[in-house]
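Same order as they appear, the protein sequences are chains A and B.
Per my numbering, the first sequence starts with residue 767, numbered consecutively.
Per my numbering, the second sequence starts with residue 767, numbered consecutively.
A portion of the hints provided could be inaccurate.
Same chains, same label: a pair holds when it works inside one copy or across any pair of copies.
Below, simulated DMTMM-like cross-link-like pairs (lysine to aspartate or glutamate); rule was C-alpha separation at most 20 Å, straight line [claimed, not checked]:
| id | residue 1 | residue 2 |
| --- | --- | --- |
| 1 | Lys-829 | Asp-890 |
| 2 | Lys-1031 | Glu-1054 |
| 3 | Lys-892 | Asp-906 |
| 4 | Lys-876 | Glu-859 |
| 5 | Lys-876 | Asp-847 |
Read the hints as simulated data drawn from the structure, not as lab findings.
Each chain, written out:
Number of protein chains: 2
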Amino acid sequence: MPAKDRLFGRLALNHPIILAPMANASTPALVAAVSNEGGLGSIGAARLAPDAITTAIREVRAKTNRLFAVNLFAPLPVIVDAAKIETARRLLEPYYREVGLDEVPAPPVKPPYCFDDQLSAVLDEKPPVVSFTFNLLPVDAMRRVRASGAMTIGTATNVAEARALEEAGVDAIVAQGGEAGGHRGTFIGPFEDSLIGLMALIPVIAGAVRVPVIAAGGIMDGRGIRAALGLGASAAQIGTAFLGCPENSAVNPVYRANVLDAADKPTTIVRVYSGRYARMIRNRYVTEMSAHEASLPAYPVMGALTQPFMQAAA
Amino acid sequence: MPAKDRLFGRLALNHPIILAPMANASTPALVAAVSNEGGLGSIGAARLAPDAITTAIREVRAKTNRLFAVNLFAPLPVIVDAAKIETARRLLEPYYREVGLDEVPAPPVKPPYCFDDQLSAVLDEKPPVVSFTFNLLPVDAMRRVRASGAMTIGTATNVAEARALEEAGVDAIVAQGGEAGGHRGTFIGPFEDSLIGLMALIPVIAGAVRVPVIAAGGIMDGRGIRAALGLGASAAQIGTAFLGCPENSAVNPVYRANVLDAADKPTTIVRVYSGRYARMIRNRYVTEMSAHEASLPAYPVMGALTQPFMQAAA
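Let the sequences and hints guide you as you build the complete structure.
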């Protein structure tokens, strides 16, 4: 059976559309709406506490009987570099003051949630699909997900990653083009070498693996979906184009307006929010902080330092 | 008339295919073969001496009665930074020795050819199409090209550049995706902010200008051409996929084999050859020299320093 039919069969898709797991914007209402229309909604659970993950999954289940995915960030080593943490704290201070916050988080700085606790919260709810990015899942985590019966979807930005994911046993692979907004998924090689546009990335990944390929990045309408399918993808994962939906209109209206207005504005890839490279719209914070990028802690430590500021700024 | 029909009419195309102007690889024989088959061949004249440009155009004309393009690099300011030149000379020395050359070119370092002389050589032959990249043409150069009766094609990597080119009066615009091999055409904003994949770039440029848009970057076969047209392009400019043609088999067989074998190998964008950022396959020189990128002269000075080495290494 061709990869496309396998994907459609397993995900019960009527349309080759997967909602990207956007933190904040992929609300349970939007996830359920996409699934109810015959696409696949995805909960962006990576920055949710375990109990919030439980709540989100239950909210989706209350609104749809169809399949949906839950997305997590695969864990990465936590590197505590005291000097970089102090540099970041000093640089962040004026921004914290500007939004009326007292203090940048002080050491010991640690990620807000433990991956294993997040994964347990996910699997306790037995979701039909678990997707992930940033890395392979640790072997034991992969085993737990598969044992739960969930279908697994990993994220690749180059051919080596796609092959590694297939080897690890995923059921489908998101090919994340250089166009994609948000975090880069690269885990083999430097991220700069894997900013590969979908025009080049889809055919090489679809030619290198047997599992279905889902194209992600810069797909805004039917033209993009048709282009992705024609290049060898089985479906398209779409984020930004869903930002204008009524199902997430209550969330972050300033951010929505900013992104929706930005179709032809330059974006840039920096690691000044979470510590991991992500494509975003330039603002004053991005421009000023990226000048110090080499002196800032890595993900997830940097993310722990910026989280209160990001919440307040939002 | 839709943009696509205008382009087909003016270029007398039977197929929506334009041969990319590749230095060395877009030989007169290949240019003529593509035009004879109903595409548009392009002579990569940017690094040719004026008399070599004359010869190349006449060779193409001897082999085809159909239309073809001649491509130049729009001129950029020449910045002579003595310290950077000395740094580059010192760093280049061991590579020169390795390929059996005596000496890195000494100051005064200047570009091998003057743009105005190149343009005069081009226009004396009255080619049907003049295409360019790196910038807008200077106003007087643009006037000379249009007065010659040639159709003009400029290169854009973002919407602002596409609008500026249309304003300057070009007849068509190459939308160069971040996927593209070779030099980046960016002239408004830093190049890093305009590594936009074609999936996102074609629709926004096609939506922003009225002239026909030609998609370039990572298009390797009919799937890519169909995807580009579906996204709003009127034709596809293709380079790498033509490297395996018999019409250029005598040129640089090692380079050809290297590129043709590299479909799924990581590429990188560095400015260690010409001084201007270009996407290329990693090799030892690229990796070692890019560590010193900030200390190297800009294009075209760096190109003048590396030219003898590049020729010998090829």
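Okay, the hints, checked on the actual structure:
Proximity of Lys-829 to Asp-890 under the C-alpha cut-off of 20 Å is restricted to the intra-copy arrangement: shortest distance 19 Å within a copy versus 71 Å between copies. Within a single copy, Lys-1031 and Glu-1054 get their C-alpha atoms as close as 18 Å, which meets the 20 Å cut-off; across copies the closest is 34 Å, which misses it. Within a single copy, Lys-892 and Asp-906 get their C-alpha atoms as close as 17 Å, which meets the 20 Å cut-off; across copies the closest is 69 Å, which misses it. Taking CA atoms no more than 20 Å apart as the test, Lys-876 paired with Glu-859 passes inside one copy only; the shortest distance there is 18 Å, against 48 Å between copies.
In this assembly of identical chains, the alpha carbons of Lys-876 and Asp-847 lie at most 20 Å apart only when taken from the same copy (12 Å versus 46 Å across copies).
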